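Novice: Since the structure of chain A is provided, determine the placement of chains B, C, D, E and F on it from the hints.
There are 6 protein chains.
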Amino acid sequence: MNKNFSHLDEQGNAKMVDVGHKDHTERKAVAEGKVFVSKEVLEKISGKISGKSDESSKGGELSKGDVLAVSRVAGIQAAKKTAELIPLCHPLPLTSISVDFELESPAGKDNIQAGGEKSSERVEDRKESAIKIIATAKTVAQTGVEMEALTACSVAALTIYDMCKSVDKNMTITDISLIEKTGGQSEK
Amino acid sequence: MNKNFSHLDEQGNAKMVDVGHKDHTERKAVAEGKVFVSKEVLEKISGKISGKSDESSKGGELSKGDVLAVSRVAGIQAAKKTAELIPLCHPLPLTSISVDFELESPAGKDNIQAGGEKSSERVEDRKESAIKIIATAKTVAQTGVEMEALTACSVAALTIYDMCKSVDKNMTITDISLIEKTGGQSEK
Amino acid sequence: MNKNFSHLDEQGNAKMVDVGHKDHTERKAVAEGKVFVSKEVLEKISGKISGKSDESSKGGELSKGDVLAVSRVAGIQAAKKTAELIPLCHPLPLTSISVDFELESPAGKDNIQAGGEKSSERVEDRKESAIKIIATAKTVAQTGVEMEALTACSVAALTIYDMCKSVDKNMTITDISLIEKTGGQSEK
Amino acid sequence: MNKNFSHLDEQGNAKMVDVGHKDHTERKAVAEGKVFVSKEVLEKISGKISGKSDESSKGGELSKGDVLAVSRVAGIQAAKKTAELIPLCHPLPLTSISVDFELESPAGKDNIQAGGEKSSERVEDRKESAIKIIATAKTVAQTGVEMEALTACSVAALTIYDMCKSVDKNMTITDISLIEKTGGQSEK
Amino acid sequence: MNKNFSHLDEQGNAKMVDVGHKDHTERKAVAEGKVFVSKEVLEKISGKISGKSDESSKGGELSKGDVLAVSRVAGIQAAKKTAELIPLCHPLPLTSISVDFELESPAGKDNIQAGGEKSSERVEDRKESAIKIIATAKTVAQTGVEMEALTACSVAALTIYDMCKSVDKNMTITDISLIEKTGGQSEK
Amino acid sequence: MNKNFSHLDEQGNAKMVDVGHKDHTERKAVAEGKVFVSKEVLEKISGKISGKSDESSKGGELSKGDVLAVSRVAGIQAAKKTAELIPLCHPLPLTSISVDFELESPAGKDNIQAGGEKSSERVEDRKESAIKIIATAKTVAQTGVEMEALTACSVAALTIYDMCKSVDKNMTITDISLIEKTGGQSEK
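Protein chains in written order, with this note's numbering: chain A, 1 to 188; chain B, 1 to 188; chain C, 1 to 188; chain D, 1 to 188; chain E, 1 to 188; chain F, 1 to 188.
Chain A with its partners taken away, still in its complex shape (with noise of 0.2 Å):
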């Protein structure tokens, strides 16, 4: 009730909240997120992740993991400029990035449902496979690491997006949310 925009002034200016005084600690935060995708996509990508590849579909197969690989190194990357994307967060030396994926196809996956109308027409299109991202970030610092994980897994998301855009256009980014945040006290 009482809570406040920790990054907000009395008068209500924007400011970096000072984390001087805080112990540094070991602390890590996990986000995830979801890029709804169609049934094609995923089909593409999974050749190499299910190893369902035979000798003929090989040249293709194999090298569709490039879309995941290259979405990773972008999130790990993007983990490391989270303080210049974001205005009031503290540059923090990070001890450890790592950016993980799960295909989740209808099959396997019951009642995916995204938000709202227009994108419940798309669920149809999409016939509800998803690429899920799971990012964690560790350091040990003055403050915590959530925006590093949750930028981390919104660039790999938007990775995806760009490499599967000449594939599909109907794709969505959702779910991006906190899943876990360990050291430190709860407010950054």
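Incorrect hints may have been included.
Note that identical chains are pooled: a pair holds if it fits in a single copy or bridges any two copies.
Below are the BS3-like pairs computed for lysine-lysine, each with C-alpha atoms no more than 27 Å apart in a straight line [said to hold, decoys possible]:
(1) LYS132 - LYS181
(2) LYS132 - LYS22
(3) LYS22 - LYS169
(4) LYS169 - LYS28
(5) LYS28 - LYS181
(6) LYS39 - LYS169
(7) LYS39 - LYS181
(8) LYS39 - LYS22
(9) LYS181 - LYS169
No lab work stands behind these hints, which were simulated from the structure alone.
It should be emphasised that the depicted structure is a prediction, and the values quoted were computed from it without experimental measurement.
Specialist: Positioned in the frame of chain A, the structure of chains B, C, D, E and F alone reads:
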């Protein structure tokens, strides 16, 4: 059916698409997305926008608008960094970027649903309040600006998250998608 | 007398001073500077700050504050880029940055003089109105943050210039200097 | 009288001006500024430039020119970062940037005065020595390059400050203004 | 004989060459370079490329390709940062960048010699295995892209070094040169 | 034999190594590399360094040193960008960076050979002149700075290339390697 990932060569290796042969034409893209926030966050932010501020709340309410002002600046600056963030994007001379917001409260909007089981728990907590972000990018170039609009939208959303996380720890960034694209052909 | 440029070696070549042996201590620096603007610019901007806005001017005046909000964000972000902009600066984990403004009108301030002949002509034109910028940077590090405070101040001033140049083409950025420095020894 | 902030929309929100309809024309801008420095700093730096170096002082004097060489590089690189530093600036394909210096000693220049009471104390200390910076930027684009010239000038000044602050702790960066602008119309 | 450093003015000061008068033409540059690596590194990486992977080694071999995938992304992104890294380079709207690799084993290539005494010791250790990098950059601009191709090549090489240094501590990056340049005149 | 790529997980996916458990210790790395240049380039640059300049050539020769001054600044700034350029590098608070040069002429150095057939043709052309770059990076951190030293060296080399390419179109950057590494354990 025969659509392919334009960002992968025949071996599946990442490449930046060659757009040197394309015409310089006017291009525009509009992306939108939402941040689901608690009722408390929405009320704090809407102080300025709804114009309901009376004298007594002035010091506080008025300035809450800075959350959106900072988010807008972050989105605009991020659009200019798109080619740095998304590995296979081309650097483009953006001629215009704008980021706008709409506040959605449960009263003004029925039936907001966010994807999946976990999220639906959150819906209760959030009381279906949301900040909608609309980002528009324009250029005169050889390739389109959908990634610029989507990046502006994503980073504006992350900035809202950052500035409101001391008040609400359960926000979700969702439904980021391309709303409009004009100019050029469809492939990038 | 025997002070030397610490950023040059014995041959006069540029080098980054080795601070590896220094203690990590709390350090703070405050810099300030001014942008001389026309009376018209000052009035447009002060609409919000002086609180003189009446109903009729609301739509217009209220929002002029965005000039300062955008300038503040630009200053804060520039402070984080100091080591990228100033070649021999060390990268520092800033713990806090803030940028504040004071509006100075001729009525409230006598005797403003700006350096030299050319500028004194301008003073007439500008009617001695100014926006004062105060930037504060803090860190816990092996070297001081005066360049971070000065950089925040300079880029905030440039941003004001950019946003007001459609109204006033004769602005001058002036009197950027270090006001306070605490923590560490005096050399960087 | 009816001039308006082109970087604010009707609601006063920040926006990047749409320049898509403008012609690509040659544009040039020249900005200048000064760093007031102590007589000692000026003498150390002018060793190279005035050509007064004799054998005995060679090791030392010759290399002092690196202060200006590093400042020049920093100014040139900063001009290329203008759109990253100033939130509403357009990214521009700069075709040329140059940064030049003039040393002003009390003998060669009478009556330098810096703004206000505090500064006039400093003048004594500084003995009215100054390093003048002249930055020129050119492009063929849809909008002007005054911010690029001003940014080059400001960052060159900050770099001089950084490199000389071990010798002089009372420098002031001052009188940064636009000297010349050609090409395009006057608004950006 | 009368060729001069185009990046220095008559006083020898650095400047960015003015290319405003040049035509916008298609330009292309190809650079290549090598990283000498141990036989062990080459074998680990070639697992994927040579296609020799059998079932037993699958988990390991298959994924080694990520070294090259990450290096490729790093090279492409670095090309876009050329003007930021090389002080006097012009910002260019790259229309295409690609980075390719060839693995060279002692069997397939005789007589590789690296410069000088110290290196020739290393040759023994390395058994003359190398990863060759070929980077191609294209633009339609007023100046050439050789630095973009060379920068892509260099940063791709540094990334290979980084990713393999836990296995081989004696790598050398070598023979980075321009292989092809077309479009425009020869000077930049 | 059981050494592994520390930047790949068990599936071969790229990851940033977790260094959160490591001690903060002083670390130092020295890298060196060479740019093979024509005799003409070497003579122009060595004007300053060898001190052979007589009065008549002063204006010209003296200032050629700016090639090295600009290269040095570029190398120092690049070291600070290492984590941005090399995807899996950790951001590190560098405490010191220096870049030095040695000019190697055929007279002073016998038997320089550059790798392979093609290069040996070039040796004739170049007359075995080289600019040697030595870059030193230091930090107090949880991981080493070899990539920072190698990056400084590579970008300093690229900058020499850029500044001399109007005089010599056949330069080669070569023999970039790690010369010394102290502090921490050997793996990064």
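Novice: Now tell me, hint by hint, if it's right for this structure.
Specialist: So, going through the hints one by one against the coordinates:
1. In this assembly of identical chains, the alpha carbons of LYS132 and LYS181 lie at most 27 Å apart whether taken from the same copy (19 Å) or from different copies (26 Å).
2. Proximity of LYS132 to LYS22 under the C-alpha cut-off of 27 Å is found in neither arrangement, the shortest distances being 34 Å within a copy and 31 Å between copies.
3. Proximity of LYS22 to LYS169 under the C-alpha cut-off of 27 Å is restricted to the inter-copy arrangement: shortest distance 20 Å between copies versus 46 Å within a copy.
4. Proximity of LYS169 and LYS28 under a CA criterion of 27 Å is satisfied inter-copy only: 15 Å between copies versus 35 Å inside one chain copy.
5. Taking the closest pair of Cα atoms, LYS28 and LYS181 come within 27 Å of each other only inside a single copy of the chain (6 Å); across copies the shortest separation is 30 Å, beyond that limit.
6. Proximity of LYS39 and LYS169 under a CA criterion of 27 Å is satisfied intra-copy only: 12 Å inside one chain copy versus 33 Å between copies.
7. Proximity of LYS39 to LYS181 under the C-alpha cut-off of 27 Å is restricted to the inter-copy arrangement: shortest distance 23 Å between copies versus 33 Å within a copy.
8. Proximity of LYS39 to LYS22 under the C-alpha cut-off of 27 Å is found in neither arrangement, the shortest distances being 48 Å within a copy and 30 Å between copies.
9. Taking CA atoms no more than 27 Å apart as the test, LYS181 paired with LYS169 passes between copies only; the shortest distance there is 10 Å, against 34 Å inside one copy.
Consistency with the previously given hints fails for numbers 2 and 8, ordered from lowest to highest.
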